[in-house]
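Turn these sequences into a full structure, and let the hints guide you.
Residues 324 to 935 in my numbering are what the sequence shown lists, from first letter to last.
Hints were generated in silico from the structure; no laboratory data involved. Keep in mind the model is a prediction, meaning the values are calculated, not measured. Backbone N, C-alpha and C define an ideal beta-carbon position, used for all residues, glycine too. Treat the hints with care, as some may be off.
Claimed, not checked - Pairwise CB distance ranges (calculated):
#1 Pro-410 to Arg-577: 16 to 24 Å
#2 Lys-665 to Pro-889: 53 to 61 Å
#3 Arg-577 to Pro-853: 25 to 33 Å
#4 Gly-385 to Pro-566: 16 to 24 Å
#5 Ala-389 to Asp-901: 30 to 38 Å
#6 Asp-387 to Arg-714: 51 to 59 Å
#7 Gly-460 to Val-613: 23 to 31 Å
#8 Ala-793 to Gln-329: 23 to 31 Å
#9 Ala-793 to Gly-460: 34 to 42 Å
As the list claims (entries may be wrong) - In silico lysine-lysine, DSBU-like type, Cα no more than 30 Å apart, as pairs:
#10 Lys-678 to Lys-663
#11 Lys-676 to Lys-565
#12 Lys-681 to Lys-565
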Amino acid sequence: MTTNLQDLSFDLASLRAAYAAGTPVRAVIAEAMRRCATDAHHAFIHRLTVAEIEPYVAHLDGVDPASLPLYGVPFAIKDNIDLAHIPTTAGCPEYAYTPGDSAFLVQQLIAAGAVPLGKANLDQFATGLNGTRSPYGACRNAFNPDFVSGGSSSGSAVSVAKGWVSFSLGTDTAGSGRVPASFNNLIGLKPSIGLLSATGVVPACRTVDTVSIFALTAADAQAVLAVAAVPDEADAFSRAAKPFGVDFSAGPFRFGVPRPQDLNFFGNDAAIALFAQSIERLHALGGTAVEIDLTPFLDTARLLYEGPWVVERYVAIKDFIDAQPEAVFPPVRTIIEGGKTKTAADAFAASYKLKALKRVCDAVWQDVDCLLTPTAGTIYRIADMQADPIRLNSNLGYYTNFMNLLDYAAVAVPAGFQASCDAQGLPWGVTLAAPAFKDVPLLRLADRFHRAQAALSLGATAVTLADTPAITTTDLPKGSNTAGTVKVAVCGAHLSGLPLNWQLTQRGARLLGAVQSAPEYKFYALAGGPVQRPGMVRVNEGGSAIHMEVWELPAEHFGSFVDGIPAPLGIGKVKLADGSWVSGFVCEAIGVEGGTDITALGSWREWLGKQG
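Structural data, given as structure tokens:
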């Protein structure tokens, strides 16, 4: 049984171990409440009382801790997300209402054993990336209270970074689930839009909002996502998870980096060095950097606030802001009331522009598996932000505002601490992004990137990343427990570097490795055809092991790949040297007539080499 709860890390692995050793759940929750009892950072708007928490704890009485994935895990909820019988303010006291039910995804978390600790502070109506736009006090950075915490999910991030809760829920429209993660040394998962239900969430821009997850490690974020990613029939924007396809996270992979002329660190030289180190870190993990033109992405980003999408912010609280404009923070009011002047013509024109920009931006996925960008180029002091709230806030969204408009998934991950600058000693982070539903490969790569800095602390706590377990392939989001790929063994013109290999690579296939077949195959150079081709025929005797490559191909493209294979070849099951079976090229026995027996060579490359 844990004897010193004050030393207990709230990462999920540590909590599971503590509960397995007999630590009472009420003792852990009491320790969580003690840790945040003095909230000088203004992270919470409402901390639940013992009486308010008791029903959630009582729900766990007599329950085997191993039976619930989030048993006794304390968490915080951004205060634009409903928790039953607790006021939802969206950062505005005059707007507050008390819901009878919790938000759909909060219900999923509670059913999995998680215990809500409080409602977290935010930039009012989730409008801002800095955390200072709240009548409940500017939320202060977990490392240095003179600096911004990032917003709008400010309190959600700080409550995790300080070690008060294990994870928290934020929302992310323009970067609100990523910028606070960067400023507080956390993992910030911005899931694919619609993967997490928005029922019971006060909207900002309804069509491009998503609930986000802050966690100490990528493994913890993945575990929370696994519980929360449940399709919701009541949410018209809810989407079931799709198979994530080829998993590039283990490498080799190609990652896009902005051209030097597209990077902007707003005078922060320390961040320049950290980004260069991040590129090298991905190189060491098996990545190849590819420079990309960030211009169309930045053009997309400008649409979010300069275009008609700001109308959605106005529509979300139209009746309230029209009736009580003085209740809204001046910078927030300026932004939201800007939506009044947009027309339907503006909306259609911008939607056409977005469609064209998305086609240009999406072309990058033909060359890279993921993007690497800074999460925010720099960080500001609270006093400076309050003196210049619009311009400096806009700087913080330079790398984040385009993400949801383009329907990408993203993970913010720590990348070190700043040195020799005004923000010396503060954390800084990068973001990995990919198309929608690539959340799992992104989390896996983020975990590898994070753990390459094993000495980093978890948030602002004294616990190091090295003390926690790496991410696993379990606890995947519901509906995506398989990658949605097919393994295909090739032995001839589809091998790496040979004439038909493009038929795999253009379908997004990834090489898993070279293998040998079981020693049960005859191998022939077939007669005829515009391209030299081999044929493998399984035999009872006289066979040999044949050199092959196994490729991982997205299942959605498997049919078109097979359809293009000419007779006498086809796809069947091929037995490998280790005894396993995989889909691969086989040949009809009649097809080898007139061909050359090259079984003794055991390799198509060897045969080609002998031809000149």
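Verification of the supplied hints:
For Pro-410 paired with Arg-577, a C-beta distance near 48 Å fails the hint of 16 to 24 Å. For Lys-665 and Pro-889, the Cβ-Cβ distance of about 56 Å falls inside the hinted range of 53 to 61 Å, so the restraint holds. The hinted window of 25 to 33 Å between Arg-577 and Pro-853 holds, with their beta carbons roughly 31 Å apart. Distance hint check: the CB atoms of Gly-385 and Pro-566 are about 38 Å apart, inconsistent with the given range 16 to 24 Å.
Roughly 34 Å separates the CB atoms of Ala-389 and Asp-901, a value that falls within the hinted 30 to 38 Å. About 54 Å separates the C-beta atoms of Asp-387 and Arg-714, a value consistent with the hinted range of 51 to 59 Å. Distance hint check for Gly-460 and Val-613: the Cβ-Cβ separation is about 44 Å, which falls outside the suggested range of 23 to 31 Å. Restraint check, Ala-793 to Gln-329: a C-beta distance of roughly 26 Å satisfies the suggested window 23 to 31 Å.
Remark: the range hint 34 to 42 Å for Ala-793 to Gly-460 is upheld by a beta-carbon distance near 37 Å. The hinted pair formed by Lys-678 and Lys-663 meets the criterion: a straight-line CA distance of about 24 Å does not exceed 30 Å. Of the supplied pair hints, the one linking Lys-676 and Lys-565 holds, its CA atoms being roughly 27 Å apart against a limit of 30 Å. Taking the CA atoms of Lys-681 and Lys-565, the gap is near 20 Å; set against the 30 Å cutoff, the hint holds.
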